[in-house]
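Chemist: Chain residues, written in single-letter form:
Protein chains: 2
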Amino acid sequence: MNKVGLIGLGAMGAGMAGSLRRAGFVPHVYDIRPEVARAFAAQGGVECATLAELGAACDVVISVVVNADQTEQVLWGPDRNGKGVAQAMRAGSLFVMCSTVDPKRSIEWEEALQGMGLLYLDAPISGGAARAASGEMTMMTAGTAEAYVLADPFLQAMAGKVYKLGQRAGNGSKVKIINQLLAGVHIAAAAEAMALGLREGVEAHELYEVITHSAGNSWMFENRMAHVLAADYTPLSAVDIFVKDLGLVLDTARASKFPLPLASTAHQMFMQASSAGFGREDDSAVIKIFPGIDLPKK
Amino acid sequence: MNKVGLIGLGAMGAGMAGSLRRAGFVPHVYDIRPEVARAFAAQGGVECATLAELGAACDVVISVVVNADQTEQVLWGPDRNGKGVAQAMRAGSLFVMCSTVDPKRSIEWEEALQGMGLLYLDAPISGGAARAASGEMTMMTAGTAEAYVLADPFLQAMAGKVYKLGQRAGNGSKVKIINQLLAGVHIAAAAEAMALGLREGVEAHELYEVITHSAGNSWMFENRMAHVLAADYTPLSAVDIFVKDLGLVLDTARASKFPLPLASTAHQMFMQASSAGFGREDDSAVIKIFPGIDLPKK
Chain S
1 MNKVGLIGLG AMGAGMAGSL RRAGFVPHVY DIRPEVARAF AAQGGVECAT LAELGAACDV
61 VISVVVNADQ TEQVLWGPDR NGKGVAQAMR AGSLFVMCST VDPKRSIEWE EALQGMGLLY
121 LDAPISGGAA RAASGEMTMM TAGTAEAYVL ADPFLQAMAG KVYKLGQRAG NGSKVKIINQ
181 LLAGVHIAAA AEAMALGLRE GVEAHELYEV ITHSAGNSWM FENRMAHVLA ADYTPLSAVD
241 IFVKDLGLVL DTARASKFPL PLASTAHQMF MQASSAGFGR EDDSAVIKIF PGIDLPKK
Chain G
1 MNKVGLIGLG AMGAGMAGSL RRAGFVPHVY DIRPEVARAF AAQGGVECAT LAELGAACDV
61 VISVVVNADQ TEQVLWGPDR NGKGVAQAMR AGSLFVMCST VDPKRSIEWE EALQGMGLLY
121 LDAPISGGAA RAASGEMTMM TAGTAEAYVL ADPFLQAMAG KVYKLGQRAG NGSKVKIINQ
181 LLAGVHIAAA AEAMALGLRE GVEAHELYEV ITHSAGNSWM FENRMAHVLA ADYTPLSAVD
241 IFVKDLGLVL DTARASKFPL PLASTAHQMF MQASSAGFGR EDDSAVIKIF PGIDLPKK
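So the protein sequences, as listed, match chains S and G. Numbering follows this note's numbering, in which position 203 of the first sequence is assigned residue number 203; successive positions increment by one, without gaps. Numbering follows this note's numbering, in which position 221 of the second sequence is assigned residue number 221; successive positions increment by one, without gaps.
Please keep in mind that the hints were generated in silico from the structure rather than gathered at the bench. Accuracy of the hints is not assured; some may be wrong.
Heads up, simulated DSSO-like pairs for lysine-lysine below, C-alpha to C-alpha not over 30 Å straight-line [stated by the list, open to error]:
#1 Lys-298(G) with Lys-297(S)
#2 Lys-104(S) with Lys-297(G)
#3 Lys-161(G) with Lys-83(G)
#4 Lys-164(S) with Lys-298(G)
#5 Lys-244(G) with Lys-288(S)
#6 Lys-288(S) with Lys-104(G)
#7 Lys-297(S) with Lys-257(G)
#8 Lys-298(S) with Lys-257(G)
#9 Lys-257(S) with Lys-297(G)
#10 Lys-297(G) with Lys-244(G)
#11 Lys-164(S) with Lys-288(G)
#12 Lys-244(G) with Lys-164(S)
#13 Lys-298(G) with Lys-257(S)
#14 Lys-257(G) with Lys-288(S)
#15 Lys-104(S) with Lys-244(S)
#16 Lys-297(S) with Lys-244(G)
#17 Lys-244(S) with Lys-244(G)
#18 Lys-164(S) with Lys-288(S)
#19 Lys-298(S) with Lys-244(G)
#20 Lys-104(S) with Lys-288(G)
All chains should be built: construct the whole structure from the sequences, respecting the hints.
Modeler: Pasting the structure below:
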């Protein structure tokens, strides 16, 4: 049986590693916080002290870090010192890239790893920590048939739905950032609509009830405005995540000189929220940029 | 039994009048196209030749016209010549205003009619022509208890869901325009996201499949991008409706100097589409403002 390793036991990665364990695999794990990897392994799993140790031990390496820079560090080591997983992995083994990144980067990583005799899967994830923990998250993937042969048993263990969007890297990351474009605009629009309602003296819970049963509804309005009604800005996903993700969307479009009027406006709103000190609050805190309203209190 | 009249047998009004008839009422009807009122009455109902005739005959007058200017003509007659319904209605009878208008106008109409001894209900509608025809549309209403006593049997006949949002006019129209803010931004965002996908070479049907099962989904993405995939821009609701409705949203916010970054951006996108000649096409045709992409063809 192929051995699997997972790097990054954050909100998503911890749930995914747990799903692998529940499916009967014994995942190797690495985290920059050794105590987190140790605690996971104590319940079933193998703690790796270094990225290279994990890369050498596993046929399939799943990377669940925050962004492209961290993915680079996982692959090539901090400061590109060769102490990452890539140089340690055996020929024919597979790297599964689950972060939200500029699609061009994912395409470049596939080329670099193929040049080293390794397989690569472009595999961003979606659905939030709760679905990651229950093995019901969504994966937006693209890669070669050979990569899928190795990946499939582990993808099935971690995800409720695996979209296969192309035979080389790129489309997984492209569809993911297009999802983020919509998610970010919808959160900012939900905040703008709720803010106007408060400004106009509409009762917030009544507005929520009507909108969630009308054509103006979105997945994000329904989910995030519940946080605003509860005055609970505990970050399930933070404002700064959308500063990053809408930035990636805009970078991608700029590379082909393509205009995105709404994504660029929403990006400004999240940056305004971050500059005002709300960057680490829940992304629904983008509503705090609107002046002259009284938000619901706890 | 109180007599009911309905003015404006367009896409929504025709369905609502049909719902009243199905519920056992014999609606009086008026339309600026006499042949349309005659054809309806021939199946059961009473054709009125003038607004005043309808106003004099009915205890409850339901107005389902396109905008505030048409509502003014219904109330006071063309050129405010007194040949509308208001002067003809008996004291204590009810005017039900179903158009999407600036909430301030609705508040003014209630005051004017109350000054004439008439009742008024602020009652914008939502849900589209199909739900209006099946009696399953949504109404966002506000008004006095006396107005609801007269209105309730007819509201129940016409709507699947009647939200009661206040004891005087205003909140019905406010919640309706907030719904339109979200609907308009979501249609424009759906177009922007689909356009970026096409620009990046993602297959449109695959993108639709993933997004409609992900957190980036909205009611409008799911509904309107199906039109884009089918290359069918037959106007179920036209681009120019959102030029009008987002304009109302912005007018309302401007009156209290409140900023709406996304609604104003989306409004510009719909105006760009209208200026380019797509004003009477389906509102999903806002995607045609994006250059450098090949839209799906029939």
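Chemist: Could you run down the list of hints and mark each one as holding or not?
Modeler: Results for each hint:
Restraint check for Lys-298(G) and Lys-297(S): the C-alpha separation of about 52 Å exceeds 30 Å, so the hint is violated. Between the alpha carbons of Lys-104(S) and Lys-297(G) the distance comes to roughly 28 Å, so the proposed pair stays at or under 30 Å and holds. Proposed proximity of Lys-161(G) and Lys-83(G) is contradicted: the alpha carbons are some 33 Å apart, above 30 Å. Proposed proximity of Lys-164(S) and Lys-298(G) is supported: the alpha carbons are some 26 Å apart, at most 30 Å.
Pair hint Lys-244(G) plus Lys-288(S) holds up; C-alpha atoms about 28 Å apart against a cutoff of 30 Å. For the suggested pair Lys-288(S) and Lys-104(G), the alpha carbons sit about 26 Å apart, so the restraint of at most 30 Å is met. A distance of roughly 24 Å separates the Cα atoms of Lys-297(S) and Lys-257(G); the hinted pair therefore holds under the 30 Å criterion. Simply put, Lys-298(S) and Lys-257(G) have alpha-carbon atoms about 28 Å apart, close enough for the 30 Å limit, and the pair holds.
Of the supplied pair hints, the one linking Lys-257(S) and Lys-297(G) holds, its CA atoms being roughly 24 Å apart against a limit of 30 Å. Distance hint between Lys-297(G) and Lys-244(G) is fulfilled; the C-alpha atoms sit about 29 Å from each other, no more than 30 Å. Simply put, Lys-164(S) and Lys-288(G) have alpha-carbon atoms about 29 Å apart, close enough for the 30 Å limit, and the pair holds. Between Lys-244(G) and Lys-164(S), the direct Cα distance comes to roughly 41 Å. Violation of the 30 Å bound is thereby established for this hinted pair.
Between Lys-298(G) and Lys-257(S) the alpha-carbon distance is near 28 Å, which keeps this suggested pair within the 30 Å criterion. Restraint check for Lys-257(G) and Lys-288(S): the C-alpha separation of about 17 Å stays at or below 30 Å, so the hint holds. For the hint pairing Lys-104(S) with Lys-244(S), the CA-to-CA distance comes to about 16 Å; that is within 30 Å, so the pair holds. Taking the CA atoms of Lys-297(S) and Lys-244(G), the gap is about 35 Å. The hint is violated against a cut of 30 Å.
Note on Lys-244(S) and Lys-244(G): the hinted pairing is violated, with a Cα-Cα distance of about 34 Å set against a maximum of 30 Å. Between the alpha carbons of Lys-164(S) and Lys-288(S) the distance comes to roughly 38 Å, so the proposed pair goes past 30 Å and is violated. For the hint linking Lys-298(S) to Lys-244(G), the alpha-carbon distance of about 37 Å lies beyond 30 Å, and the restraint is violated. Simply put, Lys-104(S) and Lys-288(G) have alpha-carbon atoms about 26 Å apart, close enough for the 30 Å limit, and the pair holds.
Comparing the model with each earlier hint shows violations of hints 1, 3, 12, 16, 17, 18, 19; every other hint is respected.
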